[in-house]
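Participant: With the sequences and hints as input, model every part of the structure.
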Amino acid sequence: MKMISPDPHETHPIEVVIRMTGSSRRKIFFYCRKGVVSPVRRNDDDWHFDEESVMRLRHIEALRQQHRMNWAAIQTIVGLLDEVENLRAELRWRR
Amino acid sequence: MAVEFRDYYEVLGIARDASQADVKKAFRKLARIHHPDVSKDKSTAEEKFKEINEAYEVLSDTEKRKKYDALGANWNGQSPPPPGGGRSSSGSSMPGGEEFQFEGTGFSDFFEQYFSGGGARRAAGYGGGYPGQGGSRRGQDIEGDLMVTLEEAFHGSMRTISLRKADPRTGRVVTDEVQVRIPAGIGEGQRLRVPGHGGQGAGGGANGDLYLRVRMAAHPDFRVKGHDLFRDLELAPWEAVLGTTLAVNIPGGKSVQVKIPAGTGTGDQLRLKGYGLPKKGAPGDLYVEVSIATPPSVDAEERALWEKLRDVSKFKPRED
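In order, the protein sequence lines correspond to chains B and Y. Using the working numbering, you'd call the opening residue of the first sequence number 1 and step up by one each time. Using the working numbering, you'd call the opening residue of the second sequence number 1 and step up by one each time.
Simulated from the structure, these hints should not be mistaken for lab results. Just so you know, even glycine gets a beta-carbon here, dropped at the ideal spot from N, CA and C. Among these hints, one or two may not hold up.
[What the hints assert, rightly or not] Ranges of calculated distance between the beta carbons of each label pair, as one might list FRET restraints: (1) Y/SER255 - B/GLU10: 33 to 41 Å; (2) Y/GLY196 - B/ILE77: 22 to 30 Å; (3) Y/ASP22 - B/ASP44: 57 to 65 Å; (4) B/GLY35 - Y/ASP221: 35 to 43 Å; (5) B/ILE77 - Y/SER313: 55 to 63 Å; (6) B/ARG42 - Y/LYS314: 58 to 66 Å.
Facilitator: Here it is, written out as structure tokens:
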């Protein structure tokens, strides 16, 4: 059986993120400007992103390409999902 | 891929109209008995501990409990009733029509299907699915919850995760098994990405990834926030006023001596540096949250002493 040791702290350079997410450099810069994702390291063109950003970019691309959503809709959904996640965490903490 | 109904009330040994306080009390009592740290039979204890945790996960959350009660009332003993949100009745499904079920996550199929944290987002799959080169399409990503005990978060562990996928076009069920190492220091909400073990790609496209989202199992004594741990500590009024030194339990069945300073009040936190979860650099801390307990009854001698204290004390708690 295959054994995998995932590293939740792994980071990826932007070229790899483009391949992993189906997004483009221009779009990733746009999402960064909008504060939806942010690089964990940023030296000129050498931007690195964590696993959380990769997952979020994949999600955004799925909303955009499969569900034909525009930026306003994507922004709303991503914001709501963040809020749900935060409230869920708060609820679990209080139980 | 039908799922079996779980009687969470039976698991916790409580009545269906039990209050939220009773749910918590029953959980704490059972979790202390079956906690892998204290139980003699470690192999069954872990399974039982996770079962109790799953029941608590649902019944301690009023919304989930309401949903569970409605499901139970309509369960016909053969197959699940049509759930809300348009989810598949025979397993979670993705937009591509691929159905799947998890094993080895610490949660039952029943929980996975109806109560897994991400709700529709998880069931729908997300990410991936975008076109690749030459008309190929990458498979969907799949997300599942992974129950991790505090002990696993401390020391790390290895889990065998199996994902049964059924293709609705062929009806063929494929089981994909993979061993996943859970790293020490993992925390609530973090995701472990297992590349290539998500939905199947089309036209030569790569498979999607499997994301396992960490859900820390509730512990009868400790709560987790990030890498820090929190535990409650009740003090007698005289211990709080005069100060004392107490043995406080820490994870792993050990204890440390903690000096309680004189004048400690309810809500005060005592930080035990480095006794939290492991972390790169420095580990998290353990916070002891103090509350003052009062004796439920006093005898004549004690009463006389409290009355004497009342008469001589200059303490005025309601004045600035």
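Participant: Next step is simple, just say for each hint if it's right about the structure.
Facilitator: Hints, verified against the model:
1. Hint check: Y/SER255 to B/GLU10, Cβ distance near 36 Å, so the stated range 33 to 41 Å holds.
2. Remark: the range hint 22 to 30 Å for Y/GLY196 to B/ILE77 is upheld by a beta-carbon distance near 27 Å.
3. Checked against the given bound of 57 to 65 Å, the beta carbons of Y/ASP22 and B/ASP44, roughly 60 Å apart, stay inside it.
4. A hinted range of 35 to 43 Å for the beta carbons of B/GLY35 and Y/ASP221 is consistent with their spacing of about 39 Å.
5. With their beta carbons about 59 Å apart, B/ILE77 and Y/SER313 fall inside the hinted range of 55 to 63 Å.
6. For the hinted restraint 58 to 66 Å between B/ARG42 and Y/LYS314, the CB-CB distance of approximately 60 Å keeps it satisfied.
Hint compliance for this structure: no hint is broken.
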